[in-house]
Amino acid sequence: MSINGDRGGLWGAPDDKTVLVMAGEIAVAVHPQRLVTPALGSCIGLTLWDAFTRRGGMAHIMLPAPADTRLGGLADRFASVAVPRLAEAVAVGTPRRRFVAKITGGSTMFGGDAGMASIGMRNAEAVKHELALLRIPLVAEDIGGGHARTMEFYLDTGLVIVRSYRYGIREL
Amino acid sequence: MDPCTLTEIQIDALGEVGSIGAGHAATALSQMLGMPVDIDVPDLRVLAVSEVPMVLGGPESLAGAVYSRLLGDLGGGLLFVAKRDGLLGLSDLLRSRAPGTSKSLGPAEEAIVTHAAAVLISAYLAAIARLTGLSALPGPSQFAFDMLGAILTGVTIQTGLKAENAILVLTRFSTQEMSVDAALFYLPDPDSLEVMLGRLGVL
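Going down the list, the sequences are from chains V and Z.
No gaps in the numbering here: position 137 of the first sequence is 137 in this note's numbering, and each next residue is one more.
No gaps in the numbering here: position 139 of the second sequence is 139 in this note's numbering, and each next residue is one more.
For the record, the hints were derived by calculation from the structure and aren't laboratory data.
Check the hints yourself; a few may be wrong.
As the list claims (entries may be wrong) - So the derived list for chain V, only partly shown, Cβ under 10 Å to chain Z, looks like this:
hint, residue
1, K17
2, T18
3, A39
4, G41
5, C43
6, M62
7, A65
8, G105
9, S107
10, F110
11, K128
12, G144
13, G146
14, Y154
15, G158
16, L159
Claimed, not checked - With the Cβ distance kept under 7 Å, some of the chain Z side facing chain V (calculated, not the full set):
hint, residue
17, G34
18, P36
19, D38
20, E60
21, Y67
22, L71
23, G133
24, S135
25, P138
26, Q142
27, M147
28, A150
29, I151
Said to hold, decoys possible - Far from chain Z, some chain V residues (derived; all Cβ distances over 10 Å):
hint, residue
30, H129
31, P137
32, E141
33, R170
Idealized CB from N, CA, C, for every residue including glycine.
Work the whole structure out from these sequences, hints included.
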């Protein structure tokens, strides 16, 4: 194992159309850009899409609410902060009622620890709850299980591609 | 405790803990195998947890990991990470088979690697406990084989570590026949880091 060795996957050659969303971040993009968030474990990848303007946003959410940790850091890693913020960011010049949401992630990477085993599903529930408060319909999801996922979001068709080592490619 | 505020002498002290820990782990491995195991620590650094996937091949790179949460006076977790070849090599070593015999990572390989990693983790932890005079116990070890980024964020969320330090010890265990590359991480929670630095006399 070498430091700075092979940078597999999309890290080899990220092209200029790809907007990477790292853990705890949100981002907004317009077609022909695409949004990608790598390696979702218990985290949730959320996409919001407006078909008319082909504009959308993505969030990589790590915890349900700030009460779950004492530490500072990125506020956008919490569902209760990131979901309203992302909706607001995508809603510039776009009515929010046109948004559709898709989510993936929320798996259990290590099963033997009570706190760790439940965090994925708690994240998923928190995101769904926030979406319901904003009246944004959740049109597709691929959550749970015990595997890691990478989420890609194409803004022309709203297609979400979920890649994992265990199940290959799934389209949402 | 902010990683940016760690002084050079504090980083040195943490690095020393890491290398002594790896030495203990090699001794344990050599006792398990009944043959001498050399240990080489090609790289040792203290870095922010968010940087860890980047230095080990990117968040999407496939890796096997054994995680053990710390119980006792110190909080945080210990993580053993190796690539597929390393896990298969370790499995061959432990079953005293010729290197390259294990071809796939099935339940048997997974179990033997998890147990071996648990011993290495305990040995590492014993070094930390001895140096600091604190009680530190390993929790049950859990195995995962998937994207490195997902494994690490899962662990850091659980220990409440976002944007905090990891002590990364890249380790090469070699016997006469073969060598296994692995990484051992100690992820102290911020309070424990402070306690540990205090005990090491560099706070």
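For each hint, the structure was consulted:
no. : hint : in the structure
1   : K17  : 18 Å, violated
2   : T18  : 13 Å, violated
3   : A39  : 3 Å, holds
4   : G41  : 3 Å, holds
5   : C43  : 6 Å, holds
6   : M62  : 6 Å, holds
7   : A65  : 13 Å, violated
8   : G105 : 9 Å, holds
9   : S107 : 8 Å, holds
10  : F110 : 4 Å, holds
11  : K128 : 19 Å, violated
12  : G144 : 14 Å, violated
13  : G146 : 8 Å, holds
14  : Y154 : 18 Å, violated
15  : G158 : 23 Å, violated
16  : L159 : 20 Å, violated
17  : G34  : 25 Å, violated
18  : P36  : 22 Å, violated
19  : D38  : 17 Å, violated
20  : E60  : 4 Å, holds
21  : Y67  : 5 Å, holds
22  : L71  : 11 Å, violated
23  : G133 : 26 Å, violated
24  : S135 : 20 Å, violated
25  : P138 : 12 Å, violated
26  : Q142 : 4 Å, holds
27  : M147 : 4 Å, holds
28  : A150 : 3 Å, holds
29  : I151 : 6 Å, holds
30  : H129 : 19 Å, holds
31  : P137 : 27 Å, holds
32  : E141 : 17 Å, holds
33  : R170 : 15 Å, holds
Hints 1, 2, 7, 11, 12, 14, 15, 16, 17, 18, 19, 22, 23, 24 and 25 from the list above are not met by this structure, while the remaining hints are.
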